[in-house]
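Chemist: Residue numbers are given in my numbering: position 126 of the sequence shown equals residue 126, and the series is strictly consecutive.
Keep in mind the hints are simulated off the structure, nothing from the lab. Accuracy of the hints is not assured; some may be wrong.
Said to hold, decoys possible - Now the in silico label distances, taken between C-beta atoms and shown as ranges: (1) 165 with 85: 50 to 60 angstroms; (2) 268 with 10: 46 to 56 angstroms; (3) 11 with 199: 30 to 40 angstroms; (4) 51 with 199: 57 to 67 angstroms; (5) 158 with 135: 13 to 23 angstroms; (6) 141 with 85: 36 to 46 angstroms; (7) 20 with 141: 14 to 24 angstroms; (8) 15 with 98: 33 to 43 angstroms; (9) 113 with 229: 45 to 55 angstroms; (10) 78 with 136: 25 to 35 angstroms; (11) 158 with 125: 10 to 20 angstroms.
Remember, predicted model here, so these are calculated numbers, not experimental data. Yeah, the Cβ is synthetic: ideal placement off N, Cα and C, and Gly gets one too.
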Amino acid sequence: MPAVDPVVVEQIRAASRQLVRELGFLQDTLAATDYPPSAVHALLEIDARDAVGASQLADCLQLEKSSVSRMLRKLIAAGELRERTSAEDGRAKQLRLSARGRRTVQGIHAFARAQVEAALAPLPAQAQADIGHGLAVYAAALQALRNGAAPPAPEAVRIDGGYRPGAIGRIAEMHATFYARHAGFGQFFEAKVAAGVAEFSARLERPGNGLWLAMQAQRIVGAIAIDGQDLGNGEAHLRWFVVDNGLRGSGIGRQLLQQALQFCDAQGFAATRLWTFAGLDAARRLYEAHGFALLQQCEGDQWGASVIEQVFVRPRPAVAAPAQSCSRQDG
Numbered sequence: 001m002p003a004v005d006p007v008v009v010e011q012i013r014a015a016s017r018q019l020v021r022e023l024g025f026l027q028d029t030l031a032a033t034d035y036p037p038s039a040v041h042a043l044l045e046i047d048a049r050d051a052v053g054a055s056q057l058a059d060c061l062q063l064e065k066s067s068v069s070r071m072l073r074k075l076i077a078a079g080e081l082r083e084r085t086s087a088e089d090g091r092a093k094q095l096r097l098s099a100r101g102r103r104t105v106q107g108i109h110a111f112a113r114a115q116v117e118a119a120l121a122p123l124p125a126q127a128q129a130d131i132g133h134g135l136a137v138y139a140a141a142l143q144a145l146r147n148g149a150a151p152p153a154p155e156a157v158r159i160d161g162g163y164r165p166g167a168i169g170r171i172a173e174m175h176a177t178f179y180a181r182h183a184g185f186g187q188f189f190e191a192k193v194a195a196g197v198a199e200f201s202a203r204l205e206r207p208g209n210g211l212w213l214a215m216q217a218q219r220i221v222g223a224i225a226i227d228g229q230d231l232g233n234g235e236a237h238l239r240w241f242v243v244d245n246g247l248r249g250s251g252i253g254r255q256l257l258q259q260a261l262q263f264c265d266a267q268g269f270a271a272t273r274l275w276t277f278a279g280l281d282a283a284r285r286l287y288e289a290h291g292f293a294l295l296q297q298c299e300g301d302q303w304g305a306s307v308i309e310q311v312f313v314r315p316r317p318a319v320a321a322p323a324q325s326c327s328r329q330d331g
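Sequences are here, hints too, so could you generate the full structure?
Modeler: Below, the structure is given as structure tokens:
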């Protein structure tokens with residue numbers, strides 16, 4: 001089981017408190033109704049199930065049965081619910097929405113959708129997808145914890161070739177997050193990565209260039225590119241190889257690298273080169289397992305912090321790679 005980053009824990013706690021405040025859960029009423037949050041959630045759950053018993057509803061809402069019974073009596077008295085005897089058990093009562101209750105629920109949904117859409121509208125498409133995915137995974141994990149069940153299995157990751165909206169920003173974000181932690185890089189590095197990916201994406205369709213994205217649902221969780229024009233001399237430049245923090249060690253990086261190298265061999269490049277930094281031991285083992293060897297290293301501070309830059313080269317089978325200087329100025 002991977003270690004839990006205490007910084008992430010505090011970020012989630014702070015965000016959860018803010019969500020409670022911003023969504024109005026501390027107020028006496030919720031979602032432009034006259035009802036408290038518990039009653040609003042009860043109406044939504046009854047709507048989702050069509051018919052439900054009071055004890056089932058108490059379990060779902062994680063509330064005391066006596067509290068739920070009092071709340072349901074008020075909703076019945078207000079004309080929001082109808083109560084009928086269960087066809088399967090004459091002693092049990094089933095709750096359904098009345099016509100008024102259906103109108104109330106429609107209003108709740110309209111209010112909530114407008115609230116979410118207004119908050120998401122200024123954000124880029126990838127950020128919207130990240131929020132949706134992250135909240136869904138976290139909610140499922142909390143439910144599994146409460147039920148004593150195994151945590152939900154992560155959605156499968158697929159490798160897609162080519163550009164997709166949000167790729168430039170997402171690749172820059174993943175690089176910035178990783179290298180800020182591991183090398184102390186900041187705004188200059190992130191801006192340089194974003195500019196490089198943007199320039200490359202404009203010529204992605206030219207022969208010898210390729211981009212592969214690891215996708216989990218609609219979220220970009222990894223990337224790798226082959227720039228067939230940058231180096232010349234019949235060599236490929238492997239660039240912007242990154243995997244999201246939560247998926248390192250999952251094998252996604254290996255899949256991305258294999259896709260890129262298969263492309264290089266199919267294109268007939270004499271060699272593939274990459275520039276990286278000393279100290280990234282897991283990445284180095286992966287490179288060496290796929291035929292890369294350290295060619296040269298030297299100290300540099302072009303990224304805003306002093307690091308040992310390294311050049312790795314992978315010759316195409318039976319093709320030797322010529323030497324080249326370590327003084328590259330891009331990633």
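Chemist: State for each hint whether it applies.
Modeler: Against the structure, the hints:
1. 165 with 85: 50 to 60 angstroms: The hint (50 to 60 angstroms, Cβ to Cβ) holds, given that residue 165 and residue 85 are roughly 54 angstroms apart.
2. 268 with 10: 46 to 56 angstroms: Cβ of residue 268 to Cβ of residue 10: about 51 angstroms, so the range 46 to 56 angstroms holds.
3. 11 with 199: 30 to 40 angstroms: 33 angstroms Cβ-Cβ, so the 30 to 40 angstroms window holds.
4. 51 with 199: 57 to 67 angstroms: About 59 angstroms separates the Cβ atoms of residue 51 and residue 199, which means 57 to 67 angstroms holds.
5. 158 with 135: 13 to 23 angstroms: holds, 22 angstroms
6. 141 with 85: 36 to 46 angstroms: For residue 85 against residue 141, whose Cβ atoms are near 38 angstroms apart, the range 36 to 46 angstroms holds.
7. 20 with 141: 14 to 24 angstroms: Holds, at about 18 angstroms.
8. 15 with 98: 33 to 43 angstroms: holds, 37 angstroms
9. 113 with 229: 45 to 55 angstroms: Given a distance of about 46 angstroms, which is inside 45 to 55 angstroms, the answer is holds.
10. 78 with 136: 25 to 35 angstroms: holds, 32 angstroms
11. 158 with 125: 10 to 20 angstroms: holds, 18 angstroms
When held up to the earlier numbered hints, the structure conflicts with none and fits them all.
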